[in-house]
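In order, the protein sequences belong to chains A and B.
Per the working numbering, the first sequence starts with residue 1, numbered consecutively.
Per the working numbering, the second sequence starts with residue 1, numbered consecutively.
These aren't lab readings, by the way, just hints derived from the structure by calculation.
Note that the structure is predicted; figures quoted are calculated from it, not measured.
In silico BS3-like pairs for lysine-lysine, Cα to Cα no more than 27 Å straight-line: (1) Lys159/B x Lys104/A; (2) Lys97/A x Lys107/A; (3) Lys16/A x Lys85/B; (4) Lys97/A x Lys245/B; (5) Lys146/B x Lys71/A; (6) Lys97/A x Lys71/A.
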Amino acid sequence: MIEALNVSMVYPNGIKALKNVTFSVEKGESCSIIGPSGCGKTTLLFIFSGILKPTNGRVLIDGKEVVSPPKNAALILQDFGLFPWKTVYENVCLGLKIRKVNKKEQKKIVESLLKNLGLMEFKNYYPKELSGGMQQRVAIARALALNPDIMLMDEPFSSLDALTREKLQNFLLELQNRDNITTILVTHSIEEAVFLGRRIVILSPRPGKVVKIVDNQGMGDVDYRNKREFFEKCREVRKSISLAI
Amino acid sequence: MSRSEKKHKLSYLIAAFLLILAWSVISHLLNSPAVPSPHLVFLSFIQQLERDLITHFLISAYRVVYSILLALSLAIPIGLTTHEKVVDSFVAPFIYLLYPIPHIVFLPLIVIFFGIGDLSKIILIAMIVFFQVLVTTRDAARSVNKYYIYSLLSLGANKKDIYIHVIFPFALPKIITAMRIGIGTSIAVLFFAESFATTKGLGYLIMDSWSRADYPSLYAGIVSMAILGFILYLILELVERRVCKWM
Ligand SMILES: Nc1ncnc2c1ncn2[C@@H]1O[C@H](COP(=O)(O)OP(=O)(O)O)[C@@H](O)[C@H]1O
Ligand SMILES: [Mg+2]
Numbered sequence: 001m002i003e004a005l006n007v008s009m010v011y012p013n014g015i016k017a018l019k020n021v022t023f024s025v026e027k028g029e030s031c032s033i034i035g036p037s038g039c040g041k042t043t044l045l046f047i048f049s050g051i052l053k054p055t056n057g058r059v060l061i062d063g064k065e066v067v068s069p070p071k072n073a074a075l076i077l078q079d080f081g082l083f084p085w086k087t088v089y090e091n092v093c094l095g096l097k098i099r100k101v102n103k104k105e106q107k108k109i110v111e112s113l114l115k116n117l118g119l120m121e122f123k124n125y126y127p128k129e130l131s132g133g134m135q136q137r138v139a140i141a142r143a144l145a146l147n148p149d150i151m152l153m154d155e156p157f158s159s160l161d162a163l164t165r166e167k168l169q170n171f172l173l174e175l176q177n178r179d180n181i182t183t184i185l186v187t188h189s190i191e192e193a194v195f196l197g198r199r200i201v202i203l204s205p206r207p208g209k210v211v212k213i214v215d216n217q218g219m220g221d222v223d224y225r226n227k228r229e230f231f232e233k234c235r236e237v238r239k240s241i242s243l244a245i
Numbered sequence: 001m002s003r004s005e006k007k008h009k010l011s012y013l014i015a016a017f018l019l020i021l022a023w024s025v026i027s028h029l030l031n032s033p034a035v036p037s038p039h040l041v042f043l044s045f046i047q048q049l050e051r052d053l054i055t056h057f058l059i060s061a062y063r064v065v066y067s068i069l070l071a072l073s074l075a076i077p078i079g080l081t082t083h084e085k086v087v088d089s090f091v092a093p094f095i096y097l098l099y100p101i102p103h104i105v106f107l108p109l110i111v112i113f114f115g116i117g118d119l120s121k122i123i124l125i126a127m128i129v130f131f132q133v134l135v136t137t138r139d140a141a142r143s144v145n146k147y148y149i150y151s152l153l154s155l156g157a158n159k160k161d162i163y164i165h166v167i168f169p170f171a172l173p174k175i176i177t178a179m180r181i182g183i184g185t186s187i188a189v190l191f192f193a194e195s196f197a198t199t200k201g202l203g204y205l206i207m208d209s210w211s212r213a214d215y216p217s218l219y220a221g222i223v224s225m226a227i228l229g230f231i232l233y234l235i236l237e238l239v240e241r242r243v244c245k246w247m
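Next up, chain A with everything else stripped away, as it sits in the complex:
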């Protein structure tokens, strides 16, 4: 279980990014975080990943306070996740290399992942030689290589075209259903938040505060996107957001 308890963040330059953020995500559950640009969503993910320390409050994973990057969590960023100077293979391998997994094991893990994600024939390509959708698949592969219990994602699909985005959303949903990975997904798309989050946390403009937590029991199926329930949930979320702003 992941818990944010009264998390506040003031940057050294005085910018108040987050204020008293409290919510929790159950093991194996998926949670979407949505809020206007600049409200502190990325900051919050960095705090969850143990990279930034909140100025107030705490983050707990399975009851233990996060003070450094947890071994069982993987972070996926929108633009700076992949290293342009590393090939697809090297990027996916990086986490394993840093954790000093032996070379043979690295190769086995990475190649089977690349095969599964249809990236094998691109293993020696550099990120800029791939489409945006493929780049994000590589980023997901790199996260999966560490066999994480938790995935933290910062607007992973926001620079993709609508069709590619839907495909990757479906892919992610299937992954969540299969591997039972606890997911926190930051997004600014209401549809994405509703499609992928069992729980939807709505943040206010800066400094980000939790405005509302919407339960979304109906999600979990690729078909959800076409159901009336889905549209109604989107409407509900949209209304809460507009009340917050």
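Start from chain A and add chain B with the ligands according to the hints.
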């Protein structure tokens, strides 16, 4: 070899040919012993090869390569570690105070401390390349986007990993660009450094043949200097192609 590479090579040949052609025409028009024709220089070049041109060339090459390596081995680590604010607050004032000075004026000091031998020449050249590479490396190391570093940290990286996987590869293309400029400067300073207190090196050869009005030898020296620079560029290009494939 790919087609574009072939074209690339061809354009080099054409450029070389045009230069030699222009040289021939000028020498023909001026008809002065101070501008001998290309084929005369070529003959003298061959003649000089049989004498001691190769020794001069090798000594110059040794001095300049040694200098460049010395400069890099200091400038790159120092430049990269200015990524740390503490290091930078120490290094930056030195850069601001020392970089704008034409370093060649330190020659007397260097000679006082290190004598008039090779070491002084190497230090003089190295010092100039050092600053050029240092300034660029520092700029690059300080401009790494922090999200790259966060992304690496989330994988469990330590400080050393950050330098190996982010800061160094990010700065490398910029370092190579700085080196390209540095090579040009280093050859110029090499010439200057070899024009005194030595009887070896291409710079000496050029100055000596000039004073004897031995123009073919003079030109053989100049051409050798150009070849030295060209070879260094070529090596750098090969290195760049290997390590900056991602650009
Ligand atoms: N390192 C930093 N120093 C100072 N201010 C920052 C820093 N990082 C982000 N901010 C500011 O904090 C606020 C929240 O940023 P961020 O978490 O990136 O928002 P979001 O991801 O929701 O768009 C923004 O106003 C941003 O300008
Ligand atoms: Mg953001």
